[in-house]
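Asker: These protein sequence lines are chains W and H, in that order. Adding 25 to a residue's 1-based position in the first sequence gives its number in my numbering. Adding 25 to a residue's 1-based position in the second sequence gives its number in my numbering.
Keep in mind that a hint or two might mislead.
In silico lysine to any residue, SDA-like type, Cα no more than 25 angstroms apart, as pairs [to be verified]: (1) H:K180 <-> W:A294; (2) W:K180 <-> H:R125; (3) W:K180 <-> H:R124; (4) H:K180 <-> W:V96; (5) H:K314 <-> W:S106; (6) H:K180 <-> W:R116; (7) H:K180 <-> W:D119; (8) H:K314 <-> W:M354; (9) W:K180 <-> H:D119; (10) W:K180 <-> H:E111; (11) H:K314 <-> W:R328; (12) W:K180 <-> H:G222; (13) W:K180 <-> H:D123; (14) H:K314 <-> W:H359; (15) W:K314 <-> H:Q109; (16) W:K180 <-> H:E267; (17) H:K314 <-> W:E250; (18) H:K180 <-> W:N115; (19) H:K180 <-> W:V112; (20) W:K180 <-> H:D152; (21) W:K180 <-> H:N115; (22) H:K180 <-> W:E88; (23) H:K314 <-> W:L118; (24) W:K180 <-> H:R64; (25) H:K180 <-> W:R65; (26) W:K314 <-> H:G179; (27) W:K314 <-> H:L118; (28) W:K180 <-> H:R65; (29) H:K180 <-> W:K180; (30) W:K180 <-> H:L118; (31) W:K180 <-> H:S106; (32) W:K180 <-> H:L391; (33) W:K180 <-> H:R116; (34) H:K180 <-> W:E111.
Derived from the structure by calculation, the hints contain no laboratory data.
Number of protein chains: 2
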Amino acid sequence: MTERVRVPIDLGERSYEVVVGERLLEHSADILSPIVAGRRVFVVTDEVVRARHLHRLAPVLGEVASGYETVLIPLGERTKSFAQLEVLLNRLLDLGMDRRSVLLALGGGVVGDVAGFAAALFMRGVDFVQVPTTLMSQVDSAVGGKNAINTRHGKNLIGTFHQPRAVLNDVTVLHSLPRRELVAGYGEIVKYGLIRGERVFSWLEQHGPAALALDEQAPQQALIEAVRMGCETKGDIVAADERDQGRRAIINLGHTFAHAIETEVGYGALLHGEAVAAGLAAAAALSAKLGYCETALVERLRRHLGAVGLPERIAALATQRNWDPAALMAHMAHDKKTVGGRVAFVLLRGVGEPFVDNTVPEAAVLTVLAEECSRHNADTRR
Amino acid sequence: MTERVRVPIDLGERSYEVVVGERLLEHSADILSPIVAGRRVFVVTDEVVRARHLHRLAPVLGEVASGYETVLIPLGERTKSFAQLEVLLNRLLDLGMDRRSVLLALGGGVVGDVAGFAAALFMRGVDFVQVPTTLMSQVDSAVGGKNAINTRHGKNLIGTFHQPRAVLNDVTVLHSLPRRELVAGYGEIVKYGLIRGERVFSWLEQHGPAALALDEQAPQQALIEAVRMGCETKGDIVAADERDQGRRAIINLGHTFAHAIETEVGYGALLHGEAVAAGLAAAAALSAKLGYCETALVERLRRHLGAVGLPERIAALATQRNWDPAALMAHMAHDKKTVGGRVAFVLLRGVGEPFVDNTVPEAAVLTVLAEECSRHNADTRR
Numbered sequence: 026m027t028e029r030v031r032v033p034i035d036l037g038e039r040s041y042e043v044v045v046g047e048r049l050l051e052h053s054a055d056i057l058s059p060i061v062a063g064r065r066v067f068v069v070t071d072e073v074v075r076a077r078h079l080h081r082l083a084p085v086l087g088e089v090a091s092g093y094e095t096v097l098i099p100l101g102e103r104t105k106s107f108a109q110l111e112v113l114l115n116r117l118l119d120l121g122m123d124r125r126s127v128l129l130a131l132g133g134g135v136v137g138d139v140a141g142f143a144a145a146l147f148m149r150g151v152d153f154v155q156v157p158t159t160l161m162s163q164v165d166s167a168v169g170g171k172n173a174i175n176t177r178h179g180k181n182l183i184g185t186f187h188q189p190r191a192v193l194n195d196v197t198v199l200h201s202l203p204r205r206e207l208v209a210g211y212g213e214i215v216k217y218g219l220i221r222g223e224r225v226f227s228w229l230e231q232h233g234p235a236a237l238a239l240d241e242q243a244p245q246q247a248l249i250e251a252v253r254m255g256c257e258t259k260g261d262i263v264a265a266d267e268r269d270q271g272r273r274a275i276i277n278l279g280h281t282f283a284h285a286i287e288t289e290v291g292y293g294a295l296l297h298g299e300a301v302a303a304g305l306a307a308a309a310a311l312s313a314k315l316g317y318c319e320t321a322l323v324e325r326l327r328r329h330l331g332a333v334g335l336p337e338r339i340a341a342l343a344t345q346r347n348w349d350p351a352a353l354m355a356h357m358a359h360d361k362k363t364v365g366g367r368v369a370f371v372l373l374r375g376v377g378e379p380f381v382d383n384t385v386p387e388a389a390v391l392t393v394l395a396e397e398c399s400r401h402n403a404d405t406r407r
Numbered sequence: 026m027t028e029r030v031r032v033p034i035d036l037g038e039r040s041y042e043v044v045v046g047e048r049l050l051e052h053s054a055d056i057l058s059p060i061v062a063g064r065r066v067f068v069v070t071d072e073v074v075r076a077r078h079l080h081r082l083a084p085v086l087g088e089v090a091s092g093y094e095t096v097l098i099p100l101g102e103r104t105k106s107f108a109q110l111e112v113l114l115n116r117l118l119d120l121g122m123d124r125r126s127v128l129l130a131l132g133g134g135v136v137g138d139v140a141g142f143a144a145a146l147f148m149r150g151v152d153f154v155q156v157p158t159t160l161m162s163q164v165d166s167a168v169g170g171k172n173a174i175n176t177r178h179g180k181n182l183i184g185t186f187h188q189p190r191a192v193l194n195d196v197t198v199l200h201s202l203p204r205r206e207l208v209a210g211y212g213e214i215v216k217y218g219l220i221r222g223e224r225v226f227s228w229l230e231q232h233g234p235a236a237l238a239l240d241e242q243a244p245q246q247a248l249i250e251a252v253r254m255g256c257e258t259k260g261d262i263v264a265a266d267e268r269d270q271g272r273r274a275i276i277n278l279g280h281t282f283a284h285a286i287e288t289e290v291g292y293g294a295l296l297h298g299e300a301v302a303a304g305l306a307a308a309a310a311l312s313a314k315l316g317y318c319e320t321a322l323v324e325r326l327r328r329h330l331g332a333v334g335l336p337e338r339i340a341a342l343a344t345q346r347n348w349d350p351a352a353l354m355a356h357m358a359h360d361k362k363t364v365g366g367r368v369a370f371v372l373l374r375g376v377g378e379p380f381v382d383n384t385v386p387e388a389a390v391l392t393v394l395a396e397e398c399s400r401h402n403a404d405t406r407r
């Protein structure tokens with residue numbers, strides 16, 4: 026058996042485990058059997074992931090389930106729509122799926138979102154297994170039970186909470202990711218390091234580059250540990266606030282800025298993790314500007330982002346030459362997390378000390394945005 | 026203050042009360058204020074219900090909420106579709122609804138289903154209040170948190186569980202119901218009497234006709250008590266099995282037959298409660314045929330159904346002259362509750378002794394169906 030670690034997600038009767046390891050897909054019989062034995066499995070995936078990875082999982086399903094079907098959904102964010110959700114649910118009904126069947130999401134964030142939503146709604150909820158195939162989804166979206174689709178009013182406005190029965194994080198699948206996508210996923214790991222504390226963040230500074238090296242000949246201990254830490258941190262926060270009514274908001278560290286950045290360039294022009302990295306730097310800079318933390322923390326964060334190839338500030342994002350601070354500011358005011366016109370920021374008093382502040386003066390945000398967007402700062406960076 | 030009774034629904038942190046009384050709509054400030062104070066309310070209703078009842082609730086919302094909007098959905102079962110759900114959710118987004126807003130369903134089962142589904146999905150769940158305006162929805166669909174839409178594969182196949190924060194059962198609204206619809210709703214009350222036990226069923230035999238008399242000059246104690254009993258019985262069952270994984274199945278007493286009847290005639294040709302009444306008689310007859318209960322129970326049930334103007338057997342359903350037992354049998358095999366080809370029936374060992382049996386021989390079902398469908402039996406009834 027290859028190396029694997031287990032992260033318990035403690036949600037009472039909805040508790041489950043995230044298993045992280047190498048070559049998990051072909052060695053998942055013991056994990057899947059208690060969930061799928063004697064039942065039909067419906068694998069929701071896209072054509073790229075099917076071609077790359079399904080052949081490793083299929084023999085296990087053939088062995089432990091009473092049969093399985095594969096349902097393809099279209100590639101990309103546009104699949105997160107009402108129309109595609111309806112197509113998927115009707116397809117599952119066509120195939121004779123019933124309330125005892127198990128839905129398995131094999132893919133990245135889009136597949137997990139659409140399949141998780143379908144699992145939540147099919148006959149009011151069927152068992153669901155997440156097999157995320159991107160670093161981003163392994164450490165973030167596959168853990169915690171959130172799913173959603175987009176509307177013309179914005180992203181992820183319509184969805185549910187529906188916890189999986191298990192999450193299989195096979196780091197071997199990450200070898201086939203484009204380098205840029207792998208690095209972007211690491212942006213969420215940096216976020217969890219900042220939330221978690223000094224020991225973890227120092228570990229990332231020391232081992233992050235090695236985790237992303239993906240040497241196929243060497244064991245993947247650093248990568249497994251980085252993924253484990255992300256899942257554990259998210260799991261602890263989710264366990265404390267499953268339905269996002271308070272404490273779970275700290276998961277949005279960097280995301281108020283990131284969503285504004287993504288809205289400005291149009292979704293798809295940047296990878297989410299790249300916007301998150303620039304957003305983390307902006308959130309740290311805002312924290313320092315308001316006197317909550319030392320400037321040294323901001324510099325240290327930028328250094329680590331740069332060391333792994335992530336953008337150290339908004340201006341370093343390649344998509345747009347001239348960022349407009351006022352436009353970003355306007356997007357924040359329309360964020361769905363905004364209640365009663367007050368924009369909520371997750372700020373840092375230090376590494377491991379995130380907190381939510383919805384009393385940040387607009388002027389301070391604009392000043393920080395102007396600095397983060399300035400090409401002068403970007404060009405003169407270390 | 027007019028007479029009102031409160032039925033607690035015990036679901037841990039999702040607990041709520043069903044309030045039953047006269048003229049509740051105009052006297053609901055104390056019930057609604059803890060839920061809607063300082064928040065915007067979005068009333069989902071249809072044009073008929075709005076014209077009849079909204080003027081009584083509107084002053085209360087104006088007083089206790091920070092504002093309210095009315096959103097109309099089309100009349101009838103066809104509204105329970107993906108397309109209409111999407112239209113409703115986009116309309117709510119257009120109107121600026123946010124995660125702190127409250128959605129209030131004012132109407133019958135269709136309104137409650139679509140509004141409840143929208144409340145479950147809007148930003149992954151907003152607070153929701155049920156104000157059901159039919160007897161059927163007051164005693165059944167508004168309690169327990171189930172919602173759903175239909176697909177081309179059948180009714181209620183896609184939905185969620187999303188408990189309301191409160192249910193307001195104003196019996197005064199029932200005065201405006203067509204007589205046939207009021208009586209049909211009583212079919213579910215008979216079901217709850219059979220589930221509950223001898224004391225309650227005897228009470229219904231004695232007071233059911235008075236409850237349905239709707240004398241506007243007299244207090245509505247009998248009707249309030251009948252509604253209260255239905256809500257309490259359903260609430261107890263839901264509390265024991267919120268997500269329908271076992272015991273909640275007894276709520277389906279009569280419904281395996283009822284769904285087959287409705288499928289055969291096409292939904293809309295009969296009122297659901299009429300099919301339920303005929304289904305209850307068939308379930309009792311099947312129980313007697315299998316030796317689980319006395320024939321006297323079947324006769325007693327038919328007598329009570331007849332006394333309130335409900336069909337005493339399938340043949341008494343007015344829509345179709347010649348019922349085909351084999352066709353009904355075939356519909357049952359496709360019921361969504363069917364798992365692995367075994368049709369589950371809720372049977373009776375006596376009043377108050379329902380149980381689920383998925384080992385009923387097909388021949389016994391066919392024999393009972395033949396008897397229940399026979400016009401000879403119907404024409405020679407007492």
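Asker: Next, verify each hint and record whether it holds.
Answerer: Against the structure, the hints:
At roughly 41 angstroms between alpha-carbon atoms, K180 of chain H and A294 of chain W are farther apart than 25 angstroms, so this suggested pair is violated. Between the alpha carbons of K180 of chain W and R125 of chain H the distance comes to roughly 18 angstroms, so the proposed pair stays at or under 25 angstroms and holds. Distance check on the hinted pair: K180 of chain W and R124 of chain H sit about 14 angstroms apart at the alpha-carbon level, within 25 angstroms; holds. About 23 angstroms separates the Cα atoms of K180 of chain H and V96 of chain W, which keeps this hinted pair within 25 angstroms; it holds.
The straight-line distance between the Cα atoms of K314 of chain H and S106 of chain W is roughly 51 angstroms, outside the 25 angstroms bound, and the hint therefore fails. For the hint linking K180 of chain H to R116 of chain W, the alpha-carbon distance of about 16 angstroms falls within 25 angstroms, and the restraint holds. Only pairs whose Cα atoms come within 25 angstroms are accepted, and K180 of chain H paired with D119 of chain W is accepted, the gap being roughly 15 angstroms. Taking the CA atoms of K314 of chain H and M354 of chain W, the gap is near 73 angstroms; set against the 25 angstroms cutoff, the hint is violated.
The hinted pair formed by K180 of chain W and D119 of chain H meets the criterion: a straight-line CA distance of about 15 angstroms does not exceed 25 angstroms. For the hint linking K180 of chain W to E111 of chain H, the alpha-carbon distance of about 15 angstroms falls within 25 angstroms, and the restraint holds. At most 25 angstroms may separate the alpha-carbon atoms for a hinted pair to count; K314 of chain H and R328 of chain W exceed this at roughly 80 angstroms. A C-alpha spacing of about 51 angstroms is found between K180 of chain W and G222 of chain H, which places the hinted pair above 25 angstroms, so the restraint is violated.
Proximity of K180 of chain W to D123 of chain H is assessed by CA-CA distance (about 14 angstroms); at most 25 angstroms being required, the pair is judged to hold. As the CA atoms of K314 of chain H and H359 of chain W are separated by approximately 65 angstroms, the hinted pair breaks the 25 angstroms bound. A C-alpha spacing of about 48 angstroms is found between K314 of chain W and Q109 of chain H, which places the hinted pair above 25 angstroms, so the restraint is violated. Proximity of K180 of chain W to E267 of chain H is assessed by CA-CA distance (about 31 angstroms); at most 25 angstroms being required, the pair is judged violated.
A threshold of 25 angstroms between alpha carbons decides the hint, and for K314 of chain H with E250 of chain W the separation of about 64 angstroms lies outside it, so the pair is violated. For the suggested pair K180 of chain H and N115 of chain W, the alpha carbons sit about 13 angstroms apart, so the restraint of at most 25 angstroms is met. At roughly 17 angstroms between alpha-carbon atoms, K180 of chain H and V112 of chain W fall within 25 angstroms of each other, so this suggested pair holds. Pair hint K180 of chain W plus D152 of chain H holds up; C-alpha atoms about 21 angstroms apart against a cutoff of 25 angstroms.
Restraint check for K180 of chain W and N115 of chain H: the C-alpha separation of about 13 angstroms stays at or below 25 angstroms, so the hint holds. Taking the CA atoms of K180 of chain H and E88 of chain W, the gap is about 34 angstroms. The hint is violated against a cut of 25 angstroms. For the hint linking K314 of chain H to L118 of chain W, the alpha-carbon distance of about 35 angstroms lies beyond 25 angstroms, and the restraint is violated. Of the supplied pair hints, the one linking K180 of chain W and R64 of chain H holds, its CA atoms being roughly 24 angstroms apart against a limit of 25 angstroms.
A threshold of 25 angstroms between alpha carbons decides the hint, and for K180 of chain H with R65 of chain W the separation of about 23 angstroms falls inside it, so the pair holds. Between K314 of chain W and G179 of chain H, the direct Cα distance comes to roughly 58 angstroms. Violation of the 25 angstroms bound is thereby established for this hinted pair. Restraint check for K314 of chain W and L118 of chain H: not satisfied, since their Cα atoms lie roughly 35 angstroms apart, outside the 25 angstroms limit. Between the alpha carbons of K180 of chain W and R65 of chain H the distance comes to roughly 23 angstroms, so the proposed pair stays at or under 25 angstroms and holds.
A distance of roughly 29 angstroms separates the Cα atoms of K180 of chain H and K180 of chain W; the hinted pair therefore is violated under the 25 angstroms criterion. Restraint check for K180 of chain W and L118 of chain H: satisfied, since their Cα atoms lie roughly 12 angstroms apart, inside the 25 angstroms limit. For a cut-off of 25 angstroms, the pair hint linking K180 of chain W to S106 of chain H stands: about 22 angstroms separates their Cα positions. Restraint check for K180 of chain W and L391 of chain H: the C-alpha separation of about 52 angstroms exceeds 25 angstroms, so the hint is violated.
Straight-line distance between C-alpha atoms of K180 of chain W and R116 of chain H comes to about 16 angstroms, which keeps the hinted pair within the 25 angstroms bound. About 15 angstroms separates the Cα atoms of K180 of chain H and E111 of chain W, which keeps this hinted pair within 25 angstroms; it holds.
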